[in-house]
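Protein chains in written order, with the numbering used here: chain A, 102 to 255; chain B, 102 to 255.
If you are wondering where the hints come from, they were derived from the structure by calculation, not from laboratory data. It cannot be assumed that every hint is accurate.
Computed footprint of chain A on chain B, listed as stretches where at least three residues anywhere in the stretch have a Cβ under 8 Å from a Cβ of chain A [as the list claims (entries may be wrong)]: (1) 138-144; (2) 175-186; (3) 208-216.
Glycine included, each C-beta is placed from N, C-alpha and C at the ideal position.
Listed below are the residues making up each chain.
There are 2 protein chains.
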Amino acid sequence: MAAMAGKPGSWGGLALRVGQAFFAAASVGVMFSSLGFASYTAFCYLIASMGLQTMWSFGLACLDGYAIKFNKNIATPILLSLFVVGDWVTAILSFAAASSSAGVVILFQKDVLFCRRYPQLPCGRFELATAFAFLSWALSATSALIMFWLLAPF
Amino acid sequence: MAAMAGKPGSWGGLALRVGQAFFAAASVGVMFSSLGFASYTAFCYLIASMGLQTMWSFGLACLDGYAIKFNKNIATPILLSLFVVGDWVTAILSFAAASSSAGVVILFQKDVLFCRRYPQLPCGRFELATAFAFLSWALSATSALIMFWLLAPF
Chain A
102 MAAMAGKPGS
112 WGGLALRVGQ
122 AFFAAASVGV
132 MFSSLGFASY
142 TAFCYLIASM
152 GLQTMWSFGL
162 ACLDGYAIKF
172 NKNIATPILL
182 SLFVVGDWVT
192 AILSFAAASS
202 SAGVVILFQK
212 DVLFCRRYPQ
222 LPCGRFELAT
232 AFAFLSWALS
242 ATSALIMFWL
252 LAPF
Chain B
102 MAAMAGKPGS
112 WGGLALRVGQ
122 AFFAAASVGV
132 MFSSLGFASY
142 TAFCYLIASM
152 GLQTMWSFGL
162 ACLDGYAIKF
172 NKNIATPILL
182 SLFVVGDWVT
192 AILSFAAASS
202 SAGVVILFQK
212 DVLFCRRYPQ
222 LPCGRFELAT
232 AFAFLSWALS
242 ATSALIMFWL
252 LAPF
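Make a model of the complete structure from these sequences and hints.
Next up, the structure:
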């Protein structure tokens, strides 16, 4: 169990964290550069949630890097409890943000046809930001499950 | 660990399942009785996902009732693996459905003001169905976490 791929302080864990932070930052960047995103609550919430995910994952990536460099064990029960709570909270918020943005994007494209009626609306960018958010969530959920699994035997 | 509240075949487990099935069925009922829901993809998806949740939870409620009545142990590793997969799939689908509906409802009410411009749109019902979906998801997520926790030591 202790040799599980992706545990904190391992190369797998570092890769997961870097991936989460990268996709979350990409989602924020793409959404922020889309004209008129601020008129839609779901897209503002996506930026807030992905911003939080970026900070959390970047912080843990730094911690993983430190643990690898100085060969420290950071998979202690107290730290794991902290990681598991943080991971679950950020993963749930990210999924909610990605799903609600996806709901709004599909509405714009298929139901009320805003994308066709208002060609100035950057629907492609909204879609791309949502896709990045789902990728970030997938990696974040993987981390959250690994943390929960590592914590269960304690 | 084996005496954990909410495990399959206990009164707690039965109560969780009945609650999930009740709120999911209520969500389907309220949404189905809302005029014009079929024009919006997110609301159709909510009905599909909550329908699945109702069937799954109702089936497991029957199984829990059977186990309580005949005093059987259904918390075996094989059955738990089955429950954990089913619970996680339904919980994730329910959360995605509830979040995307919430995204669309907030858009209608605050961003594009459809609720004010088209008073025939039953925004109150859309809201109520979404709230029921979130309640059903909360109970479903509780079950999923309990199953995962029970399965972890095996």
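Do the hints match the structure? See the list:
1. 138-144: Contact hint for the stretch 138-144 of chain B vs chain A: holds, 4 residues under 8 Å.
2. 175-186: violated (count 0)
3. 208-216: holds (count 3)
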